[in-house]
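Chain A is fixed; fit chain B onto it per the hints.
Chain order of the listed sequences is A and B. 289 is the number of the first residue of the first sequence in this note's numbering; add one for each residue after it. 13 is the number of the first residue of the second sequence in this note's numbering; add one for each residue after it.
Keep in mind that the hints were calculated from the coordinates and are not lab data. Hints may be right or wrong, so weigh each one.
[As the list claims (entries may be wrong)] The calculated EDC-like cross-link candidates involving lysine to aspartate or glutamate, where the alpha carbons are at most 20 Å apart (straight line), are: (1) Lys-928(A) to Glu-573(B); (2) Lys-409(B) to Asp-480(B); (3) Lys-199(B) to Glu-414(B); (4) Lys-119(B) to Asp-106(B); (5) Lys-451(A) to Asp-495(B); (6) Lys-878(A) to Glu-561(A); (7) Lys-85(B) to Asp-503(A); (8) Lys-227(B) to Glu-414(B); (9) Lys-403(B) to Glu-228(B); (10) Lys-544(A) to Asp-732(A); (11) Lys-928(A) to Glu-26(B); (12) Lys-550(B) to Glu-372(A); (13) Lys-878(A) to Glu-784(A); (14) Lys-540(B) to Glu-573(B); (15) Lys-544(A) to Asp-503(A); (16) Lys-820(A) to Glu-835(A); (17) Lys-451(A) to Glu-527(B); (18) Lys-85(B) to Glu-495(A); (19) Lys-125(B) to Glu-115(B); (20) Lys-199(B) to Asp-411(B); (21) Lys-582(B) to Glu-509(B); (22) Lys-107(B) to Glu-122(B); (23) Lys-540(B) to Glu-578(B); (24) Lys-928(A) to Asp-55(B); (25) Lys-227(B) to Asp-411(B); (26) Lys-795(A) to Glu-835(A); (27) Lys-336(B) to Glu-212(B); (28) Lys-540(B) to Asp-440(A); (29) Lys-125(B) to Asp-106(B); (30) Lys-550(B) to Glu-374(A); (31) Lys-504(A) to Glu-115(B); (32) Lys-160(B) to Glu-212(B); (33) Lys-107(B) to Asp-495(B).
[Said to hold, decoys possible] Short, incomplete list of chain B residues facing chain A, as computed with Cβ under 7 Å: (34) His-50; (35) His-52; (36) Ser-54; (37) Asp-55; (38) Tyr-73; (39) Lys-119; (40) Lys-508.
None of the values given here were measured: they were computed from a predicted structure. Just so it is clear, CB atoms sit at the ideal spot from N, CA and C, and this is done for glycine as well.
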Amino acid sequence: MSQELFSQEKPFSQSTTRSPISQRAQDIEQNGSEISVTIDEYSLKVRRGITILQAAKQANVRIPTLCNHDDLCIAGVCRICVVEVEGQQTLQTACSYPITEPIKIQTSSPQVRRARRHILDLMLSEHYGECYSCIRNNNCELQALAKEYGVDFYRFGHVSNPKLEVDRSSYSVVRDMNKCILCRRCVRTCIDLQEVGVLEAINRGDETRITTFMDKPLADVICINCGQCINRCPTGALRANDSSDEIWAAIDDPLKHVIIQTAPSPRAAIGEEFGLPPGTSVTRQMNTALRRCGFDKIFDTNFTADLTIIEEGTELLLRLKKALVDKDSSIAFPQFTSCSPGWVKYIEHFYPEYLQNVSSAKSPQQMFGAVMKTYYAQKHNINPASIVTVALMPCSAKKFECNRPEMNASGLKDIDYGITTREMAQMIKEAGIDLPALPKSGFDEPFGEASGAGLIFGATGGVMEAALRTVVEIVTGLKAEEVWDNLRVEPVRGFEGVKYMELKIPKIGPVPELLKNLNIPNWDFLEGVTLKVAVAHGTANAHMVMEDIKSGGKFSECHFIEFMACPGGCLGGGGQPIPTSSEIRAARAKAIYAEDESLEIRKSHENPHITQIYKEFLTDGPCSEKSHKLLHTHYTNRGKAIV
Amino acid sequence: MLETERLSLSKEIEDLAAHFKFQRDGLLPILQAIKSQHNHISDFAMQEVARMLNIHPVEVYGVVSFYSFLSTKPQGNFVIRLCQTISCDLAGKDKVARQLENELGIKFGETTKDRRFSLHWANCLGLCDQGPAMLVNDYVFTQVTSEKVYDILECCRRSFGVFSVEGDTKIKCFSTIQTNIKRDNQKRVFSSLESNQGLEKAFKLGPEKTIEKIKESGLKGRGGAGFPTGLKWDFAAQAGDTEKYVICNADEGEPGTFKDRILLSDYTNLVIEGMIIAGYAIGASHGIIYLRGEYSYLLPIIQGILNKRRELGFLGNFIKGGDKFGFNIEIRLGSGAYVCGEETALIESLEGQRGEPRNRPPFPVISGFNGHPTIVNNVETFAMVAHILDKGPEWFKQDGTEKSTGTKIFSVSGDCLRSGIYELPWGITITELLKIVGGEDAKAVQIGGASGRCVPRSQFGHTIAYEDIPTGGSTIVFGPETDMINVMENFLKFFKEESCGQCTPCRIGNGKLLEGARMLQDGVCSIKYLRELQGLGKTMQIASKCGLGQTSPNAFLSITEHFTNEILGKTRRTK
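Chain A with its partners taken away, still in its complex shape (with noise of 0.2 Å):
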């Protein structure tokens, strides 16, 4: 696979090499010429071969679309954007047509909003539902369309009854296919922008439906539990899996102590679910939030993402160590990251070849709770049973990991329940909170306090980082400020698809106290090494990734690889605010890496509450037999095969 392919930035929508390509983007020249363009009563200037819509934005006419999604190809199914175009017979989807010459584009004329409006009719004739008991009531485009066009009967009928059957086998994705209007963008997320493919549209004419390979549930299909499609959904057809009345039920009972643990990306985006704009960090007035709600402790995640650190550091090393001094050729090059739920799926269904380089060390959310019902039930004396672990996530695939049979470190489901980042606000309202209005406060210690490299988890490229800013210290002795300007590991932030960094080891320093029992007496083997890490997130990405692997391209010499399944990584996460698009994913990255700079603490070894449970609880150190037991996990050879 040639390097190009990785060098420049691409957006998703042109990451794929499978969608049908009358559903692909059009591969109109843009040659850089100016195109006179008239929309309604406005000329201007447009670029040749950008879309009537795209120049109609420009112009700031507004057009409405269904089908259309920015991270998406184009379809052109749903034809509720189209326009006039002079001298064309009939009407033309805005979303699709490329300007080419000079055009005049009437977005309003009478025929314009009768044909919008049979094409809103017919769509509501066919959507089975009430808004007032569905999820995406005020949040649904086809119930924004309907009022903007002042629909007040059903002028062409309406179903009474359900046709199909919901499915509900999946512990994250809930599927109500007759609230379904077939604009496709469900399968394009699933085919095009992660290359998963578990859904597709089925049949032709009046009996086309969106559905799985042979209608199967979806919990017996090859689904990595991702949640893309829910975010792109323009309807409550899809949804997640949501475990909220449990949680009230913990909460209510008074022999329950209910602990949430949030993870660094659900405060960044929370806020959108109360008006906020994208990108405001809540973080202490959601710790109000919860508290009201009824949790008893609420804890940061980003503790046990210190912890995946050095974990997960110290596995690499000890990988290094392997191949390097004691010339072991069975030890797995690049080391993957563990820490995306949907990505680990991916890999066990799709690459089970590669599972032995899928670091061992659990994600923080797993961690976490395994934690709370050892480490912390014994220091504080509560009976591990009596606690009910939540985990506030921005994944609908947390709420698979937190049920996979294996994740019962401490003896009890370590995780009780993943809630995710909508559900959550949900609850907030229910009680009545409004969220921005309070008062801030901070988390409980003592998991409480964590470091920003712990926090930067929540984008593409932070697990990278958080990991680099730790190795380096512990490898070279230096300050990792001194090989990173205000730390900032720039080669891996950022939104494109793949990112490689070469970092070349300067020099060594002692091992520290904190590895001694790992048997390592110095870091000699690593004396001039170049480490070579590369960060993909979306499934699309980490396929061209382990393609290139495979065929022994410049991805196999990477020692350390970070995969996360979501694109923009867990802030653009399937249990995160309903819409998403590029601009609101950068908006809350940005408030993440903020928020790291705002922090004392960076690093991951310098969280004292770090140092403090290797001191009292896990003894041995990282990646010692009690770690293993606790903090570490395997996988499953899932495969492709669907039963």
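For chain B alone, coordinates are given in the frame of chain A:
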């Protein structure tokens, strides 16, 4: 499934995929082969195909479920497909259908318990002049009566006739197709022409002048849309790509059309010569004939002609007299999807996708099959080309009108005395045409098939021409007794099934119009609601994605407009 069966199926699929170089555009032929070998395409087979072509299993499922002739459920040894489209409907398909159900003890869509027979509806088999028509596997039966049903089924059960395993000569039941060319007034396509005359002329002229001649002739696409052929070729000729394609659209599916079947069986050479000329003109060396699955029985005939041409040096890497010009043709079969007659859906289908029309622009002449410049022309268009080059544009233009030059081949069926194939000049009035075919007492004529329009008696003075009433040739005559709501119901049912299901107006709109037609049939439709539906029809005409959707409400609109009195307030049917 036994492990050994799995292994042998895997091997079989791998061999098939290897034949198509593991490329996705081999998907449809691979699936067709599996289907014909195993009577269905199993879960396991779909996953194996996906693995071989490096696509997702659900994509294979999406394709299999799109095409009527592919199936994930095991089918009987004999798959019976009875045509349900309007001409066969008028000819009495309902009685045949009932008798089939009686004899087999199953309903349509089902398979007998002994896995011998499956019973399905088919949409227009292109035998409208000799309906009711039905396919049993690849064999055609025409003018089927309820009485004949038993004989045909016996043939299957006892391996008689066409199903004879030993070549039994005492055949009780033949599959028969009549050609039915009405040989008067045959001026252009059916006039005499020595093989390869046109091609030789083209070689003498060179590509540019060949296109010039076609432009001068004023030849327009015979599929019905009427795009100037010369202009299309010119665009493709100028497109800068070394790989180009010439596609012959032989997916003749428009209800009431059967001319291409005749051209492909009796004038095969003429069509192929036209394709080669087109390839020469635009600089393409690959040709593909996309033959509808319903016409698979024509495959050996066309294949034979192609082989013969190869032997004679008139097809292959070097064509006689062509100065290094080479042209190859392969045949790809459709699998029962009307929408694949739409050129971009056809290309999608060739690429191994669901037959869903593309966004345009870009047009196929710029980006067509596998992204290369591609011209897609109708069978009849290609059949005209050699004549034009041989005898000149002026000769061609002697017939027709200024904007519709030459002649048109009409497929005539319905309530008339002389159904069949006619070559008539453009600009002929409907009255004149009805006189020729013996349908003077018609109350309406459907011009252009299901996607065309229904012309009432009061408008029989109109001419058939691109500038007045355009057509792809389908002409269905409705006698005085015809129930017009039944006609429109039949067409709408057709579109509801045959829409690709991609865009909202066509997918849902046709269902709504059909509901409306049924309300009319039941006598429960208000004028207000009828007007709403007419408005919806007009939206479908301008807002649908492709030609299918845009033309699908035509029949509804013309019938409700011209027969308002007849269709409103109908007494409830007594069914």
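Consistency of the hints with the structure:
no.: 1; hint: Lys-928(A) to Glu-573(B); verdict: 56 Å, violated
no.: 2; hint: Lys-409(B) to Asp-480(B); verdict: 18 Å, holds
no.: 3; hint: Lys-199(B) to Glu-414(B); verdict: 17 Å, holds
no.: 4; hint: Lys-119(B) to Asp-106(B); verdict: 13 Å, holds
no.: 5; hint: Lys-451(A) to Asp-495(B); verdict: 33 Å, violated
no.: 6; hint: Lys-878(A) to Glu-561(A); verdict: 18 Å, holds
no.: 7; hint: Lys-85(B) to Asp-503(A); verdict: 13 Å, holds
no.: 8; hint: Lys-227(B) to Glu-414(B); verdict: 13 Å, holds
no.: 9; hint: Lys-403(B) to Glu-228(B); verdict: 13 Å, holds
no.: 10; hint: Lys-544(A) to Asp-732(A); verdict: 17 Å, holds
no.: 11; hint: Lys-928(A) to Glu-26(B); verdict: 17 Å, holds
no.: 12; hint: Lys-550(B) to Glu-372(A); verdict: 15 Å, holds
no.: 13; hint: Lys-878(A) to Glu-784(A); verdict: 15 Å, holds
no.: 14; hint: Lys-540(B) to Glu-573(B); verdict: 14 Å, holds
no.: 15; hint: Lys-544(A) to Asp-503(A); verdict: 40 Å, violated
no.: 16; hint: Lys-820(A) to Glu-835(A); verdict: 18 Å, holds
no.: 17; hint: Lys-451(A) to Glu-527(B); verdict: 18 Å, holds
no.: 18; hint: Lys-85(B) to Glu-495(A); verdict: 17 Å, holds
no.: 19; hint: Lys-125(B) to Glu-115(B); verdict: 13 Å, holds
no.: 20; hint: Lys-199(B) to Asp-411(B); verdict: 9 Å, holds
no.: 21; hint: Lys-582(B) to Glu-509(B); verdict: 26 Å, violated
no.: 22; hint: Lys-107(B) to Glu-122(B); verdict: 18 Å, holds
no.: 23; hint: Lys-540(B) to Glu-578(B); verdict: 17 Å, holds
no.: 24; hint: Lys-928(A) to Asp-55(B); verdict: 13 Å, holds
no.: 25; hint: Lys-227(B) to Asp-411(B); verdict: 16 Å, holds
no.: 26; hint: Lys-795(A) to Glu-835(A); verdict: 34 Å, violated
no.: 27; hint: Lys-336(B) to Glu-212(B); verdict: 14 Å, holds
no.: 28; hint: Lys-540(B) to Asp-440(A); verdict: 17 Å, holds
no.: 29; hint: Lys-125(B) to Asp-106(B); verdict: 24 Å, violated
no.: 30; hint: Lys-550(B) to Glu-374(A); verdict: 18 Å, holds
no.: 31; hint: Lys-504(A) to Glu-115(B); verdict: 36 Å, violated
no.: 32; hint: Lys-160(B) to Glu-212(B); verdict: 49 Å, violated
no.: 33; hint: Lys-107(B) to Asp-495(B); verdict: 17 Å, holds
no.: 34; hint: His-50; verdict: 16 Å, violated
no.: 35; hint: His-52; verdict: 12 Å, violated
no.: 36; hint: Ser-54; verdict: 10 Å, violated
no.: 37; hint: Asp-55; verdict: 6 Å, holds
no.: 38; hint: Tyr-73; verdict: 5 Å, holds
no.: 39; hint: Lys-119; verdict: 18 Å, violated
no.: 40; hint: Lys-508; verdict: 5 Å, holds
This entry does not satisfy hints 1, 5, 15, 21, 26, 29, 31, 32, 34, 35, 36 and 39, going by the numbered hints stated previously.
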